[in-house]
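A.B. asks: Listed here are the chains, written in short residue letters.
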Amino acid sequence: MTIPEDLKYTEQHEWVRVEGDTVTVGITDYAQGELGDVVYVELPAVGAKAEASTPFGVVEAVKTVSDLFSPVSGEIVAVNDVLSDDAATVNRSPYEDGWMIKIKMSDPGELESLLGSEDYRKLIGKES
Amino acid sequence: MSGYVGRSEKEREEMLRAIGVGALEDLLQPVPSELRASAGIDLPDALSELDVIRRVREIALENRPGDETSVGKTACFAGAGVYDHFVPAAVRHLMARSEFSTCYTPYQAEVSQGTLQAIFEFQSLMCALTGMDVCNASMYDGATAIAEAALLSVNVTNERRILVSTCLHPHYREVLKTYCTPTNIEVVEIPDEEGVTNLGRLKSALGQGAACFIHQQPNFFGIVEDTSEIGKLLSLSKALLISSVDPVSLALLQPPSSYGSDVVVGEGQGLGSPMNFGGPLLGFFAARRQYVRKLPGRIAGLTSDNRGRRGFVLTLQTREQHIRRARATSNICTNQALVALAATIQLALLGEKGLREVAEQCLSRSHFAAELLAALGGFSLKYDRPFFKEFLLECPVDAGALTAKLLRKGILAGVPLSRFSGDSNLLLVAVTEKRTRKEIEALVEGARQAAEELAQGWRES
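Quick note, the sequences are listed as chains A and B, same order. The first sequence lines up with residues 4 to 131 when you count with the numbering used here. The second sequence lines up with residues 715 to 1175 when you count with the numbering used here.
No lab work stands behind these hints, which were simulated from the structure alone. Mixed in with the good hints there might be a few duds.
[Unchecked claim] Using 16 Å as the maximum straight-line C-alpha spacing, the simulated EDC-like pairs for lysine to aspartate or glutamate come out as follows:
(1) A:K105 / A:E45
(2) B:K1008 / A:E45
(3) A:K52 / B:E873
(4) B:K1008 / A:E63
All values reported here derive from a predicted model rather than from experimental measurement.
Isolated chain A, as found in the complex (with noise of 0.2 Å):
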């Protein structure tokens, strides 16, 4: 399992690429394999507000679902269309080609809140 160090992540097991004020937004490795075969990926529209800590979309394995909790507030700007499609996509390649949706900030100093590398890793540490 990686948990890549130059991103920060979230309690609900999504991680965060940022690049100047916008963010790519995804779920961990340790997330994917939790859920399995992941079967469907609803993601909001381009133009959609965002707002840290409240439901994005969802993820939808063979087994569960679940909500996909958005890190920061914001715009969205854009939606990874290869998931409608290939959601496995999710599955095989969690940090790049499995990215989920990019916001454009509205309040960077919410980063703050957001776990490093090393205290993911104790997270999930606890959970398993």
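For chain A, the structure is supplied; the task is to place chain B on it using the hints.
C.D. replies: Here is chain B on its own, set in the frame of chain A:
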């Protein structure tokens, strides 16, 4: 058997104590007072089993069943959502098999392959009729199917405003409001004009944003509306088009897919079920493929097992409340499996040609009846519009008084519109394939006589 034995007073007190409630009455406080029997319930004294059977038989003899096998037969021209279509004996016989005798989708569903196959075939048949891509395992009735469709449209569009034609059954609109009002979804009625949807009003209401528009085809007054115009207006809006249809009519009318419906719902009682004193009914819920994950209720799917053998499963269950809890797509978790089975057998028995014949018979017999009735002095059709099997008759006298007189002659003439706060001289008359020429002529002659007697009575009094 303990589940059938009532709780003792002592047990009730213990339970109330455990949840910290003083008296049972306190738990009932949220129930609106007009729904409470304030003076208590007037129950007669206990009877022996034999006496109960005698009493129930007495009550049953007061029924006026429309069924041809019954004694004291009544020719039924009442409809308004529930119709007296012919149910072949094979339907009753097959659905009464004990393997099928449950109204629920089974728990451990995949053990019951036969039930799942029947549900799968129901879904497939309803898709074929409506032209939709997906259909669920059924709903409680047409009214709740509409309400669930409205919730789907809110979910899809993020709008909280529902437009509904007043040509939709008044009871369906009540149920819709019951579902929507507590969750702050606005229900806006688009008034009808001469018995059909007012397109101008619809257009301007759509301009203000809406989750959906709900219409009925044929509508509550029996009229076949110009759905292509409705479809065109909806295609210019992001609102979904929800069509409530009579499945029997689909043998003759354009499938809702052809005029752009997103969700097709309706009452399926007319397929294989008798009128049953108003229930159980059967809702169906079909939609375009893109909404498959938003569908309420259950869906049976066809798949193959690890040895390549055909098998049926419940699919997309992850959206249901036993997994999603409060965030489930809908709170419906079962269906009308037995009534859906009746519809499945009926459709399979009739086939495409048979259903078409049923629909053609409805069409020609209802027009025959309408023509004769409208030719009577003082009677006329309220609207000069195309209709399928039901029409609104304007009577020279009170329609309720007229039906009461005809009932004494073994004819249930229709449903007076006053029951839905419509004008008291309007009568909604339905004519299915079961109504014979003789019965129709008896209705016409009876109506003539009754109207004459009533008018006479009024002159005298």
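A.B. asks: Against this structure, judge whether each hint is valid.
C.D. replies: Against the structure, the hints come out as follows:
Taking the CA atoms of K105 of chain A and E45 of chain A, the gap is near 14 Å; set against the 16 Å cutoff, the hint holds. Taking the CA atoms of K1008 of chain B and E45 of chain A, the gap is about 11 Å. The hint holds against a cut of 16 Å. The straight-line distance between the Cα atoms of K52 of chain A and E873 of chain B is roughly 15 Å, inside the 16 Å bound, and the hint therefore holds. Among the hinted pairs, K1008 of chain B with E63 of chain A is consistent with the structure: their alpha-carbon atoms are about 13 Å apart, no more than 16 Å.
Figure legend: structure checked against the earlier numbered hints; every hint is met.
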